[in-house]
Every structure is written in C-alpha cells, then in structure tokens.
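Undergrad: Residues per chain, in single letters:
Number of protein chains: 2
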Amino acid sequence: MKFEITQIGTIFSPYKTKDSCPIQGIATPEGLGRVEVFPEYEEALETIETFSHIILFYIFDRAGEVILSRPTFLDDISHGVFASRHPCRPNGIGMSIVKLEKRKRNILEVSEIDVLDNTPLIDIKPYVPRFDYRKNANNGWVEGKDIREKPMNRE
Amino acid sequence: MKFEITQIGTIFSPYKTKDSCPIQGIATPEGLGRVEVFPEYEEALETIETFSHIILFYIFDRAGEVILSRPTFLDDISHGVFASRHPCRPNGIGMSIVKLEKRKRNILEVSEIDVLDNTPLIDIKPYVPRFDYRKNANNGWVEGKDIREKPMNRE
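From first to last, the protein sequence lines are chains E and A. At position 119 of the first sequence the residue is numbered 119 (our numbering), and the sequence of numbers has no breaks. At position 137 of the second sequence the residue is numbered 292 (our numbering), and the sequence of numbers has no breaks.
Derived from the structure by calculation, the hints contain no laboratory data. By construction, the Cβ of each residue, glycine as well, lies at the ideal position given by its N, Cα and C atoms. Do not rely on the hints blindly, as some may be mistaken.
[As the list claims (entries may be wrong)] Here chain E is said to cover these stretches of chain A; the calculated rule only asks that three of the stretch's residues, wherever they fall, bring their Cβ under 8 Å from a Cβ of chain E:
| no. | segment |
| --- | --- |
| 1 | 157-169 |
| 2 | 184-198 |
[As the list claims (entries may be wrong)] Here are the simulated DSBU-like pairs of lysine-lysine, each with C-alpha atoms no more than 30 Å apart in a straight line:
| no. | chain 1 | residue 1 | chain 2 | residue 2 |
| --- | --- | --- | --- | --- |
| 3 | A | Lys-290 | E | Lys-150 |
| 4 | A | Lys-259 | E | Lys-2 |
| 5 | E | Lys-102 | A | Lys-300 |
| 6 | E | Lys-2 | A | Lys-173 |
| 7 | A | Lys-259 | E | Lys-135 |
| 8 | E | Lys-104 | E | Lys-16 |
| 9 | E | Lys-135 | A | Lys-173 |
| 10 | A | Lys-300 | A | Lys-290 |
| 11 | A | Lys-173 | A | Lys-305 |
| 12 | A | Lys-300 | E | Lys-135 |
| 13 | E | Lys-2 | E | Lys-18 |
| 14 | E | Lys-150 | E | Lys-18 |
| 15 | A | Lys-157 | E | Lys-104 |
| 16 | A | Lys-290 | E | Lys-104 |
[Unchecked claim] Taking CB as the label site, the calculated pair distances span:
| no. | chain 1 | residue 1 | chain 2 | residue 2 | range |
| --- | --- | --- | --- | --- | --- |
| 17 | A | Asn-273 | E | Glu-101 | 36 to 42 Å |
| 18 | E | Ile-107 | A | Lys-157 | 20 to 26 Å |
| 19 | A | Thr-161 | E | Lys-135 | 33 to 39 Å |
| 20 | A | Asn-291 | E | Glu-36 | 24 to 30 Å |
| 21 | A | Lys-259 | E | Gly-144 | 23 to 29 Å |
| 22 | E | Arg-148 | A | Thr-161 | 28 to 34 Å |
Whenever a hint applies, use it, and build me the whole structure from the sequences.
TA: Here it is in structure tokens:
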C-alpha cells in the first residue's frame, strides 16, 4: 500500500552539507535551527511552547542509495537499516529530538539540531519524558560506540 | 511538495477498536503485539535483536477528521495537534516505542504496544537512550494529567 505525505514546513540549520551535519543532535547542543511551519498550519502549534523539547519528523531528501544492511557512521560492521538511524532507508523519514527555544507564531527556534539545512518538515510531536523514556532500555549495538567523525565516503 | 511512502510490513495487536486501544503503550506493559516486516526487508532487521526497545512508525489509517487544534484524550482544553500525539493530524504518522521481546527472521514479538490491530508499518528505528533521553525535558501541558479512559465520542 502507498501513502502520500505532504510537506508542512521547512527546517533551516547551519548544516549545508552531509559532512558538516552531526551524527546526533545531542552531540552538538550549540546547533541552532529554525523551523518554519507553513502559515496555514499555525493553529496546530497551539500550546507547543509549554514543551521544552519537541520531535521533528522530516524527509531525508538528499539521502543516497538504500542498502538494507550496511556499515553505519558509528560502526564499521554492518547493521540493518531498521537497527540504525541511517538516513538511506526505505521510506526516508527522519526523526530528531530538539530543544524548543522560542516560538513566534509559525516559527520555532530550536537548538540541539542535527538536520540538513532546507529539509522538508512533515510532522511535529511533543517530546514527553512521561511517555518516551524507558528507564530499563539498553543501547543495543550502539553501547560504547564513540561519537566520531563520519567515516570518509560513507553515505 | 509531496512524498510517497510505501508500507513495509504490518503491526498486529490485541486492539481491534479505537476505544480499546490504550492512550500510550507505557500505560499497558501487558499489551502484546506482533510486527511482520515484509520478507523482502528482512535483511534490514540485522542486529535489531541487540536492542531492548524499538520505535515503530506507522500510518494512522483509521484516523478521523483533521482539526488543527482540539481537545485531546488527556485534556479537555484544546491543544494544537503538533503539541499533542493526537492521531488525526496532517500526515497521519504514528510513533510508538515498544519493547522488543523476540525476533524470528522477519517477525518481531513486542510488548507495551498501543497500536490498532492491522496497522500499516512504514519504518522501524532502534530506541537508543544515549540519543533519545533528554534529562532536563519537561512534560509541557501533559504534566500532571492523569492517564484516563478516552472521553466518549472523542476522536
């Protein structure tokens, strides 16, 4: 079955190239971005300013070839793309938790961002620790992997 | 801009109706489900079994009318749909963190599920507390709201 998704806004960030974009937002608290929700959706932002953190959903619009299992930014061993956050995946949907600094009408200023500049936004949900934190969760294969520079030529 | 999303599998759960479906999975650890990833994507699951928790992305295929700001399951005051997890939203994409009990090839047995039976799956990502936990995050307007029965006739 196929579904159609419509862009609802645009994410702007300091990261113009994949190489400059951090692996995860939590690694770069200084990454500032701006989320422009299209004005026709402004009403859908009501009370979002009560949250300190929000989750952005977007399209990896510059992702490369989809390979189902491959080495990742954090590991040279192959992992299935559903076992990693790799951008080149069937249905290239990205998810980033960012800090909401300020809302002005349909514009959100955010920090801790790890998204490429000019990325199509498709949804926003509040980050709610009450619902989203799992105290007993492990880090799977990511445990102990150092946040490192992206390996050369690795999509 | 429009994007096309393709179903990659199906989520099965004990919840046949919206009324029976819990508000959040964390509220019903006993909710058992089965995720059948289509066999052609099995390779994309490699090493997923190293994670205790995974994030399911799916389509709210039985959601009602999209109203940009509305009362929610947890509150009788209106909130913008981007400030809530409400299923009736522009681009009806759902996200649920579930506990991965077991993988057998392309079949995942999960618990803590809050998804309607027979829901189209569109992506899976690992839940990684190292990346996904924000210690200083607040609960926004959700703070102090009791998990309650879904109000009658509320979509």
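Undergrad: Now tell me if each hint is right for this structure.
TA: Right, here's what the structure says about each hint:
no.: 1; hint: 157-169; verdict: holds (count 7)
no.: 2; hint: 184-198; verdict: holds (count 3)
no.: 3; hint: A/Lys-290 / E/Lys-150; verdict: holds, 26 Å
no.: 4; hint: A/Lys-259 / E/Lys-2; verdict: holds, 26 Å
no.: 5; hint: E/Lys-102 / A/Lys-300; verdict: holds, 24 Å
no.: 6; hint: E/Lys-2 / A/Lys-173; verdict: holds, 23 Å
no.: 7; hint: A/Lys-259 / E/Lys-135; verdict: holds, 25 Å
no.: 8; hint: E/Lys-104 / E/Lys-16; verdict: holds, 24 Å
no.: 9; hint: E/Lys-135 / A/Lys-173; verdict: holds, 28 Å
no.: 10; hint: A/Lys-300 / A/Lys-290; verdict: holds, 20 Å
no.: 11; hint: A/Lys-173 / A/Lys-305; verdict: holds, 9 Å
no.: 12; hint: A/Lys-300 / E/Lys-135; verdict: holds, 21 Å
no.: 13; hint: E/Lys-2 / E/Lys-18; verdict: holds, 28 Å
no.: 14; hint: E/Lys-150 / E/Lys-18; verdict: holds, 9 Å
no.: 15; hint: A/Lys-157 / E/Lys-104; verdict: holds, 26 Å
no.: 16; hint: A/Lys-290 / E/Lys-104; verdict: holds, 25 Å
no.: 17; hint: A/Asn-273 / E/Glu-101: 36 to 42 Å; verdict: holds, 40 Å
no.: 18; hint: E/Ile-107 / A/Lys-157: 20 to 26 Å; verdict: holds, 23 Å
no.: 19; hint: A/Thr-161 / E/Lys-135: 33 to 39 Å; verdict: holds, 34 Å
no.: 20; hint: A/Asn-291 / E/Glu-36: 24 to 30 Å; verdict: holds, 26 Å
no.: 21; hint: A/Lys-259 / E/Gly-144: 23 to 29 Å; verdict: holds, 27 Å
no.: 22; hint: E/Arg-148 / A/Thr-161: 28 to 34 Å; verdict: holds, 32 Å
Hint check: no violations occur; every hint is consistent with the structure.
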